[in-house]
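Colleague: Residue numbers (the numbering used here), protein chains in the order written: chain A, 1 to 457; chain B, 1 to 339.
Incorrect hints may appear among the rest.
Below, computed lysine-lysine pairings styled on DSBU-like, alpha-carbon distance capped at 35 Å [claimed, not checked]:
#1 B:120 / A:354
#2 A:86 / B:332
#3 A:429 / B:222
#4 B:120 / A:211
#5 A:354 / A:86
#6 A:315 / A:388
#7 A:207 / B:120
#8 A:354 / A:306
#9 A:306 / B:222
#10 A:429 / A:211
#11 A:207 / A:354
#12 A:211 / A:275
If you anchor each label on the Cβ, the simulated ranges turn out as follows [claimed, not checked]:
#13 B:44 / A:274: 57 to 63 Å
#14 B:118 / A:400: 52 to 58 Å
#15 A:208 / B:323: 45 to 51 Å
Facing chain A, according to a computed beta carbon distance under 8 Å, are these residues of chain B, among others [unchecked claim]:
#16 64
#17 110
#18 306
Worth flagging that the hints you see were computed from the coordinates, not collected in a lab. Don't be surprised by glycine CBs; every beta carbon is placed ideally from N, CA and C.
Residue strings, one per chain:
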Amino acid sequence: MLDTLLLSRMQFAANISFHILFPSISIALCWFLLFFKVQFNRTGDEIWMRIYRFWVKVFALTFALGVVSGITMSFQFGTNWPGYMKTVGNIAGPLLGYEVLTAFFLEATFLGIMLFGINRVSNRIHTLATFLVTFGTSMSAFWIISLNSWMQTPQGFEMREGVAHPVNWLAIIFNPSMPYRLAHMLTASGLTAGFLIAGLSAYRILKGDHKLAPRRALKVALIACGLLIPLQILLGDMHGLNTLHHQPAKIAAVEAVWHTETSAPLVLFAIPDEKTQRNLFAIEIPHAASLILTHDYQGTLQGLDKFPNDHPPVKPLFFGFRIMVGVGMLMLIVAWAGCWQLIRTRELSPFMLKVIVSMTFSGWVATLAGWYVTEIGRQPYLVSGVLKTVDAVTQVAPQHVGISLAIYLVLYATLLFAYVRTLFVMARKAVLVDRPDELSTLQDQLANKRIAAEARV
Amino acid sequence: MNAMTQLNGEAFWLPVIFISLMGLAFFVYAILDGYDLGVGILLPADSELQRDTMIASIGPFWDANETWLVLGIGLMLIAFPSAHSLILFHLYLPTTIMLAGLILRGVAFDFRAKAPEDHKTLWDHVFKAGSLLASSSQGYMLGIYVMGFEQSVSAYLFASLSAVCVTAGYSFIGAAWLVMKTEGELQQRAVRWARLCGWLTALGIATVSIINPIISPTIFEKWFGSAAVILLLIIPAMCVGLFILVDRYLKHFPYPNDFGCWIPFASIAIIFLLCFIGLAYSFFPYVVPNQLDIWQSASAPESLRFILYGAAIVLPTILLYTLFSYRVFWGKATHLKYY
Chain A
1 MLDTLLLSRM QFAANISFHI LFPSISIALC WFLLFFKVQF NRTGDEIWMR IYRFWVKVFA
61 LTFALGVVSG ITMSFQFGTN WPGYMKTVGN IAGPLLGYEV LTAFFLEATF LGIMLFGINR
121 VSNRIHTLAT FLVTFGTSMS AFWIISLNSW MQTPQGFEMR EGVAHPVNWL AIIFNPSMPY
181 RLAHMLTASG LTAGFLIAGL SAYRILKGDH KLAPRRALKV ALIACGLLIP LQILLGDMHG
241 LNTLHHQPAK IAAVEAVWHT ETSAPLVLFA IPDEKTQRNL FAIEIPHAAS LILTHDYQGT
301 LQGLDKFPND HPPVKPLFFG FRIMVGVGML MLIVAWAGCW QLIRTRELSP FMLKVIVSMT
361 FSGWVATLAG WYVTEIGRQP YLVSGVLKTV DAVTQVAPQH VGISLAIYLV LYATLLFAYV
421 RTLFVMARKA VLVDRPDELS TLQDQLANKR IAAEARV
Chain B
1 MNAMTQLNGE AFWLPVIFIS LMGLAFFVYA ILDGYDLGVG ILLPADSELQ RDTMIASIGP
61 FWDANETWLV LGIGLMLIAF PSAHSLILFH LYLPTTIMLA GLILRGVAFD FRAKAPEDHK
121 TLWDHVFKAG SLLASSSQGY MLGIYVMGFE QSVSAYLFAS LSAVCVTAGY SFIGAAWLVM
181 KTEGELQQRA VRWARLCGWL TALGIATVSI INPIISPTIF EKWFGSAAVI LLLIIPAMCV
241 GLFILVDRYL KHFPYPNDFG CWIPFASIAI IFLLCFIGLA YSFFPYVVPN QLDIWQSASA
301 PESLRFILYG AAIVLPTILL YTLFSYRVFW GKATHLKYY
């Protein structure tokens, strides 16, 4: 029987997973837009503005989905996790408050000017609006990552009568894991947006778009990804070491280290078995885990046996981490191979274009997998060492949570389908922009289809 | 009330400041998202051109308008966390339905313009349905809240009445927004909508105002228990005056040079303000009627102080750039183009 706790966790996971898809694109997509706009201002080259115009529409759609799914988040704490605010509300509240005050209004207000105001304000104000939206989205990431990191590595507070009270705000905001997580997430967004731009642009070229705009956008995005991916691997390594220091149980689960050991091997693949506490079908590289995590060939890794009944589940962390790293490696290969082809021949081969199209949403996979690792890795705690998840959940009847979860799931599946489909429809429309003949044929076809449909009714 | 006398200084004032800020946020939300939800509810089935213009009139604003809801609910979460939990516990399902409505509406706005052409009408329906769902569930929640989360047939009836009332109110201010922001045939149509919704809203507000003191002795006592009743009755009197003003104005529409096209919108905003003052006066100092007052549910002073410093700087800035944005898009709505 599903209880309120499990249903609430599933609902939170569904909400936050759906939500993060859109900020993970929009945070960095906005920086790309700012780059396009600045390039246009600098060179006066119309092509930059065409790229801007196409991608600002994608941004508007993505942003709208981010806003509406974000509103849901602000209600979740009260509806499903009352114990959370009760225990750490004094700390979480202000951080969330600053996100609303310094980010949400800024982005939402100037988005209107950025989208629809270009003929109503001067070019300079329009560039400023683009910058303010960009700044707002990154600011929003800053506050929410700060709060999330505080839940992972809490400090700067004291407990009085079971309630956390702030002592040092700077220590709370800049808690130990915060800089790493923020850098890791912003770079992840850069890669997610980069591969989206590259993927849709490659799709347009494959569909016979002869214009310069998609080629230039593809080039910019591919180069950006080629630069970001090694940076991301470096940041990921630093973040991992930081986690090893502060949350050793999480790393033990990620690496499926059941018993404390020296010269630990790196498990490339295995099926971790919680019951017998060992790895089945393991493929290992000797000494490698010790080398990566302690930077010492014979370093000691703490095993899960050090944290009896107090460590996260192993399987989701073990596989989630490997999916993230695997996609990251794919990104590295594709981005560098693409850049290499561009340098050598200044054009991408049809095969390369197809590969890039297939990578359009790779950023989503890696981002979600990474977040699952870090969030499930905090279990059984909601706030490490302070509040257990089980103690924070609501008293609402499981039936009600079941109903709301079902509503959300249906809604999210539909919207995700519509979102992805719309992106490709927009790309196909863009292909036909400079071919009025074919565009009108397409519209005729649609009109005929509609007339036929009405005739049937 | 005894808690009030024991507290002094910061512990007394901070919750008062925050309940005022929260009230302000919800009030601004009701006006701003009120008109764009109203426009969504009024979308006509028979004219795509009019739908385009109506949606164009709210296009640059709706994102920011919804943010006021996040601010309001956020302030409650920050300043009165136990009230936030208690209220949302009781309103669990209506909240979910409202969120689903807001989600559908927000995405329909973008999908209608970008999805394949033959899906546009479908997304317009979704837009309308989402707006209706969000408004009526907000009204329903307000009703249940006012009844102190009582679970009885009369409470549900009252909440349903409140749902109709809020939906009518949003449509009213939405129609007034269209009177202000559009011209020609659509403007004429909006005038007819506004008159109809105006009557409905007036009826709703009157019924709620009469029922409320009858069922709640505390509220009766507050309104009619002292000599201040003369002063307090200014509120309903002004409401009646404004309703009549709007109706008279609309009856003789149109006027040369579009004279006073802003009068209905401004008047309705004041009516909303008066209703808000009435509600606030009825319930202060309770955040959850008769259960939890603002001092019992307030967060630690050190947290409230930290957020207040920021709010004191940022909120005026937000108001300034919101005004700037409205100035940029001043005048009659034109066709929405992304560049």
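Colleague: List, from low to high, the hint numbers that the structure doesn't satisfy.
Modeller: 2, 3, 5, 8, 9, 12 and 14
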